[in-house]
Amino acid sequence: MKSPHFLQLANICLLITGLLSWGKIAAQTTNGDSVQNANSAHVNEKKSPVKNTFESNLILDNQTVMVPQKGTLEFDIQHRFGIVNNGYTDFYGVFAPAIIRMGFEYVPVKNIQLGFGLCKDKMQLDFNVKYAIINQQKNGIPVSVTYYGNIVIDTRSKSNFVSSGDRLSYFNQLLIARKIDSKISVQAAISLSHFNNVPGYIDADGVIRNSLQNDQFTLSFMGRYKLSEKMAFLVDYDQPLTQNATNNPFPELAFGLEITTSSHCFQIIAGNSQYILPQNNALYNQNDLLKGQYLLGFNMTKLWSF
Amino acid sequence: MSSVAALTIICFSFKPDTKKQWIAPTSGASKTNPQKGSESISNGKALFAKHCQSCHGKTGKGDGLKASELKTEPGDFSKIIFQSQSDGSVFYKISEGRDDMPSFKKKISDANDIWDIINYVRTLKK
Chain A
2 MKSPHFLQLA NICLLITGLL SWGKIAAQTT NGDSVQNANS AHVNEKKSPV KNTFESNLIL
62 DNQTVMVPQK GTLEFDIQHR FGIVNNGYTD FYGVFAPAII RMGFEYVPVK NIQLGFGLCK
122 DKMQLDFNVK YAIINQQKNG IPVSVTYYGN IVIDTRSKSN FVSSGDRLSY FNQLLIARKI
182 DSKISVQAAI SLSHFNNVPG YIDADGVIRN SLQNDQFTLS FMGRYKLSEK MAFLVDYDQP
242 LTQNATNNPF PELAFGLEIT TSSHCFQIIA GNSQYILPQN NALYNQNDLL KGQYLLGFNM
302 TKLWSF
Chain B
1277 MSSVAALTII CFSFKPDTKK QWIAPTSGAS KTNPQKGSES ISNGKALFAK HCQSCHGKTG
1337 KGDGLKASEL KTEPGDFSKI IFQSQSDGSV FYKISEGRDD MPSFKKKISD ANDIWDIINY
1397 VRTLKK
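As they're listed, the protein sequences go chains A and B. Using the working numbering, you'd call the opening residue of the first sequence number 2 and step up by one each time. Using the working numbering, you'd call the opening residue of the second sequence number 1277 and step up by one each time.
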């Protein structure tokens, strides 16, 4: 018998497939002859890769399917201010303690990117890999598929941990995207975050229990709409799937503006997750948008081609 | 008086040559453009905005935001002196670069994208 969890995942997969194939279905004709003509025309049309589904590795708080061309070095600065709730006291979070990550990524071989970064939050050092498995093609494959994974090491002093394994967390994400037309790109992703160590509590019987699950599944949807050749509107939504005993993470919703130049990308963000590293956002996000707990931030990337 | 005249001559002697001729080699200039059509122009327009506009300006007149910082003139794409060049010649210049003009052969690794930019630049002719 299939478990409810399996059925839930199957439903989600069907939903993603439906969403991503929408553009293709909408373009198809209903008349039988027209379908036949369209098919024969497709055979004659050349397949070519669809470019620039996204303009950056990042879309607000998530990754995109994009892996830059071979030989590209990228430098990232990600910055999240405090929540706006305190108003003028800390200038709507801008002067509140911020979380910052600096990272480098390099593409040594086609479609594979390796990177590392350091985050101010718990001095977490991350090593990441991104692999573009499938690229969307004009008159061919309808979607791009990319894997993104990381391993994060909490590098704070030994006194914060019982064993060295407690420092580690992992993130695995499968991203599926489709460039619908020259202006609109959509993406869906399913991710699994794993923490070797999570906070605990003592129950009524005096037994120590995990307050959060070690494994957290999250479903994400992102979109990009080009406002002009250099500017785009971005949206990113993360829905936690795993239920936890306490402190269930809140869904994340972020909006942003993206400005791109030849070798830079700048994203201004308004959203409710602040941790930058994706597994931390997936498990620990306690900012509730319905209570106005959102914050501002930005991502900046600089590219060099070698 | 004579020293002022001498100083003036020296200053003008060392003024950078902003209109230095740039001629593409025959092997490059004779290349033919394989891209055509509205889709090519549309892609070229997006790439032009991303990679070229900051120096060459929105309409290619050499009046971009960074143009005033350049030592060499970025040229005027709307004029016949630019438009009379072959596509191959423009392709060579975009790929290789010179002085302030960077080489784009690594940054824009797909040659068809460069041809698309050229197709868009052709639409800027007045």
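Bear in mind the hints are in silico, worked out from the structure with no lab data behind them. Be a bit skeptical, because a hint or two may be false.
[What the hints assert, rightly or not] Straight-line alpha carbon distances no greater than 27 Å define the calculated DSS-like cross-link-like pairs of lysine-lysine that follow:
(1) LYS184(A) / LYS1312(B)
(2) LYS1326(B) / LYS71(A)
(3) LYS231(A) / LYS1307(B)
(4) LYS1296(B) / LYS231(A)
(5) LYS111(A) / LYS1342(B)
(6) LYS1381(B) / LYS227(A)
(7) LYS1382(B) / LYS111(A)
(8) LYS227(A) / LYS1321(B)
(9) LYS48(A) / LYS1383(B)
If you're wondering where the values come from, they're calculated on a predicted model, not measured in any experiment.
Against the structure, the hints come out as follows:
no.: 1; hint: LYS184(A) / LYS1312(B); verdict: 21 Å, holds
no.: 2; hint: LYS1326(B) / LYS71(A); verdict: 19 Å, holds
no.: 3; hint: LYS231(A) / LYS1307(B); verdict: 30 Å, violated
no.: 4; hint: LYS1296(B) / LYS231(A); verdict: 32 Å, violated
no.: 5; hint: LYS111(A) / LYS1342(B); verdict: 33 Å, violated
no.: 6; hint: LYS1381(B) / LYS227(A); verdict: 26 Å, holds
no.: 7; hint: LYS1382(B) / LYS111(A); verdict: 14 Å, holds
no.: 8; hint: LYS227(A) / LYS1321(B); verdict: 14 Å, holds
no.: 9; hint: LYS48(A) / LYS1383(B); verdict: 23 Å, holds
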